[in-house]
Structure formats: structure tokens, C-alpha cells
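Enquirer: As a plain string of letters, each chain reads:
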Amino acid sequence: MRSEEAIREVYVLGVGVHPFGRFADKDVIEIGREAVLRAIDDAGLPWQKVAAAYCGTVFAGPMAGNKVLARVGLTGIPIVNVENACASGGSALRQAYQAVAGGFCDVALAFGMEKMPRGFIAGNPNDWFAVMGLGVNPQYFALKARWHMANFGTTEKHLVQVSVKNHQNGALNPFAMYRKAMSFAEIAQSQMVNDPLRLLMLCAPNEGAAAVVLCSKEIARQYTTKPIKLAAIVLDSPIYGTAEVPHISVSARVEAPTVTMTAAEEAYETAGIGPQDLDLVELQDTDSASEIIYTEELGLCQRGEGAKLLDDGATEIDGRIPVNVSGGLLSKGEPLGASALAQVVEVVWQLRGEAGRRQVNNARTGLTHVYGAWGNCAVSVLQR
Amino acid sequence: MLAANETDARPVIPIAPNLFELSAEGARLIGSRCVKCGEVTFPVSAFCPQCCTETTETIPLSRRGTLYSFTVQRFRPPPPYRGPGEFEPYGVGMIELPEGLRVTAVLADEDPDSLCVGMEMELIVMKLFEDEMGRDVLGYKFRRVHE
Chain H
26 MRSEEAIREV YVLGVGVHPF GRFADKDVIE IGREAVLRAI DDAGLPWQKV AAAYCGTVFA
86 GPMAGNKVLA RVGLTGIPIV NVENACASGG SALRQAYQAV AGGFCDVALA FGMEKMPRGF
146 IAGNPNDWFA VMGLGVNPQY FALKARWHMA NFGTTEKHLV QVSVKNHQNG ALNPFAMYRK
206 AMSFAEIAQS QMVNDPLRLL MLCAPNEGAA AVVLCSKEIA RQYTTKPIKL AAIVLDSPIY
266 GTAEVPHISV SARVEAPTVT MTAAEEAYET AGIGPQDLDL VELQDTDSAS EIIYTEELGL
326 CQRGEGAKLL DDGATEIDGR IPVNVSGGLL SKGEPLGASA LAQVVEVVWQ LRGEAGRRQV
386 NNARTGLTHV YGAWGNCAVS VLQR
Chain G
15 MLAANETDAR PVIPIAPNLF ELSAEGARLI GSRCVKCGEV TFPVSAFCPQ CCTETTETIP
75 LSRRGTLYSF TVQRFRPPPP YRGPGEFEPY GVGMIELPEG LRVTAVLADE DPDSLCVGME
135 MELIVMKLFE DEMGRDVLGY KFRRVHE
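As they're listed, the protein sequences go chains H and G.
Using the numbering used here, you'd call the opening residue of the first sequence number 26 and step up by one each time.
Using the numbering used here, you'd call the opening residue of the second sequence number 15 and step up by one each time.
Simulated from the structure, these hints should not be mistaken for laboratory data.
There's no promise every hint is true.
As the list claims (entries may be wrong) - Listed next, the stretches of chain H that the computed footprint assigns to chain G, with coverage defined by at least 3 CB atoms under 8 Å from CB atoms of chain G: (1) 171-181; (2) 218-229; (3) 274-280.
Stated by the list, open to error - So the derived label-pair ranges between C-beta atoms look like this: (4) G:His160 to H:Arg278: 25 to 33 Å; (5) H:Trp399 to G:Cys51: 20 to 28 Å; (6) H:Lys205 to G:Glu161: 46 to 54 Å; (7) G:Pro74 to H:Pro103: 46 to 54 Å.
All values derive from a computational prediction rather than experimental measurement.
Just so you know, even glycine gets a beta-carbon here, dropped at the ideal spot from N, CA and C.
Construct all of the structure, not just a fragment, from the sequences and the given hints.
Expert: In C-alpha cells, the structure reads:
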């Protein structure tokens, strides 16, 4: 548990991304470097001011963060490499937050990058359940989707609608992989992958990077007129009893809250807000159904009413609570280590009023959410 | 239940130890039950994930359960998947057993498109593939109960 007295306020001073997509002419280290340089440039302070760095990546190999920063400048600072599946970037951000909040340094960098293999992520050769044909994405997401449909009346039409919305948003995002709106029919007729999930309802593993410079209140005062407060960054693993990816069996006796619920609750409490105070949300739309389910688990609506929230238009860019205005993972793709940080970058741009054609009107408070293998989940709250 | 004659001629080996047992009454999955809290897990685990203590005993699990959720695997999974050379879509389901757990399993069902949540399902143990040493590798699946 944290002690209130020891905690300093933490601000986002600079953000940067390398576009998400496929870049045959660049290695992953270069992709990471470009995002870091953009974040440092956006922060407006010299690189030598950064006193600690945390790098999230899954596929970039050992010491990837050190390799990136060797091309930015060797200044002797601690560099920590974090692997935590889809929450790798969120985990790096939490480490950077703690360094500043705890007073160990005044400026810290969190960044992440990937160059992921094409296609569905391969399993561990020693996993017998993968040999049998289990344990492969997006099976588990499909199982959750089907359950939601059977119990709450969510339909295939809703799954298509989520993808239509996010691709519409993604068409407005120059950093997304698919910058193209897709029609209802195109999505509804795309190849079935894991019923009820079709190809254009799924996010693609890809390449990209994102970086965030955090600082103390004092530094923020010196360097920016648009400080964005990182009011909370929570990393949770699941409590026993919930169905996480992958599962060979799940308890039917234990009714534990999901890791998204626990992380969100903690983030709301830390930030001193509730879901009703949010102006936008970037969440883990690994697939269309996940977006609907997470809107419920994040408390944006009641349990079982995620499809209704969508039907009401609440999650659209001009709706009551816009969800994935960046285009989400469905449009951006998911470079694991960069994903959570790119969500934070999007929310920061939105809160600064710098989001261009996809700007949410007068956004003051935003939330980010990632979820991945073994139930790792990171949730942040940002405020201006 | 083991398909007739399938194992007569050749040596067989389970895909992993301690997953299931074969007897005259048919195949059963082997699980663990905590003697303190009663939580049942599969596969066998020395420790109870609820109590976080090593307080479990090994028990056979019910052969039948109900389909809690399902999907159809439409593409050939990446390695280490070892299925038939010619890929056929197959069902994957969570089967809720009376012991209070949901087992995720491949479904041996000739018509996965007609599956429904709530269907009664039963366990079978069957040959999955032949390994490098010419042995039939056995695994468990569930299929709908026809009555």
C-alpha cells in the first residue's frame, strides 16, 4: 500500500510515437529511437535531464532498451527492460511513475517498441495444450465473446459495429496501421477466424514504438504551459478464479472480479474520480467483443449493457464517452511493448487539444487500459 | 471412452502424464481437490490455488458436463500444433463439470456449427497423431451426448 505523504504528483512532459505498421527498411532499435527522440523533443528539455529509463518490449530481445538509448546518448542513467506481454509498456510507465512519484528522480522516460513476427503468435513448443490445438489467439477471446452473446444478447451486428467505429476513427489517425474506414458489409463478410470473431474484428500484431517523458510538478512548471497529470497508473495481475489467457480450466465456484475491474477500481480511487468523470477511454480492443466487455468492466456502463452503450452511440467520437478515438488496436495494430504507451500518447494529445480531426471536444480526463497474457492489466488516468 | 481397436496394434502414450485415466467404465480426467476448501482444479496440482497451500488430493472428474461457451477454430494453429495434415476446422469449448470447474478442450464434433451453449457434453480420449517413434499419442476431447 502506498503512503500518501511520500507520493509526489507526476506529470507528462513529452510524448512521441513511431507510426504503427510494417517497416521493412528499419530495425526495431531504430523504430524505438525515433519515438524516444520525438518524446524528448516534445518535452522540450535536454536529453541529459532524463534520469531513469524503462523500456517495455516482448520481441525486441535482451537489453533492447539499452540498445535504443545507446543511439540517443549514453548518460549513465539506470535503464530497465520490462517484459510483461500486452502490458509491457504500461509496466514500464508504472516504473517511471514510481521513480518520479517516490522522489528518486525528477525526469523519467518510459518507452516501448516491437517488430513482431507476422501472423498469429506461436505457442510454446513445450505446451501440450498447444500441441492439441488449444492456447492460440484469439480462441479465448472468442470464448468470452460467445459467452457474452449467449448471456446478454450481444449480437454479431454489435461486433461489426465496433470495428466500423474504430476503423472510422483510425482513418483520422496518421499513426495508425490501417488508416481507412471499412464498411459494415466488408467487416461482416470477412473471413471467420474463431466464431464469432472474423478477421476484420481482430487486431494485428505489428511494428511501432511510443515514448512518454514523466516529470515532477516543478519541472512541469519550468518546461510546459500544458501540463498533463498522470493521476494514476495501476498494474494488476489477476485474482484466482477468473478466466485469463490462456486457461486449461477455470473455477466455476469462485466469483472473483476480473483484473480489469480491480485495476480500474484502484485507478479511479487513486485519481479520486469515477467512470462518470471520464471524457475519453482508450481500451484493449484485441477484438470487437473485448471492447464491449471492457466498457462494462471499466464501469462505463452496467454489466451486460456494453452492446447498448454502443447502440446508443455513446462510444463514438462525439458520444457521451468516446472509446478508442485513436482507432484502437483494431486500426493501429498491437506492437505489445508500445501499445499502452501509445494509448497514453493519444490521451495526452486529446487533453492538450492536439488531436486534429479526431479531437474530442474539451476533453479533460482520460483513461487507458491494456490487458494481455496471464491477465496482466495496466490502467492509467490522465488529467489536465 | 476409447474408440474401438484404435490402440490394439500400436504402442500408445498420453500427450502429457497425469491428465486422464482409462478404465473399463471409460476415460476420466484427473483433477485435484483441496481438502480444506473443496476447490477442484485440472490438471492435477499439488497446491490449492485458492488456499495457496499444498492441501490437495487427486480425484477423477465427472465424464459429463455442459457447454459453457465455445468457438470454432477456422485456421491451422501455428506450431507446436500437431493436427492432421489436411486441416479441418474444429470446435473449442469450455465444459462446466459438476465438481465446479470449466475445462477448456478441443471438441470432437463432426458439426461444430450446430453447437449451442448449454449442450450436454462427454469426455473421450482418442488418438491425436503419431509421434516420431511410431506411437499413437492420446489426448482428451469432449463431444456432445447423443441420446
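Enquirer: What are the numbers of the hints the structure violates, in ascending order?
Expert: none
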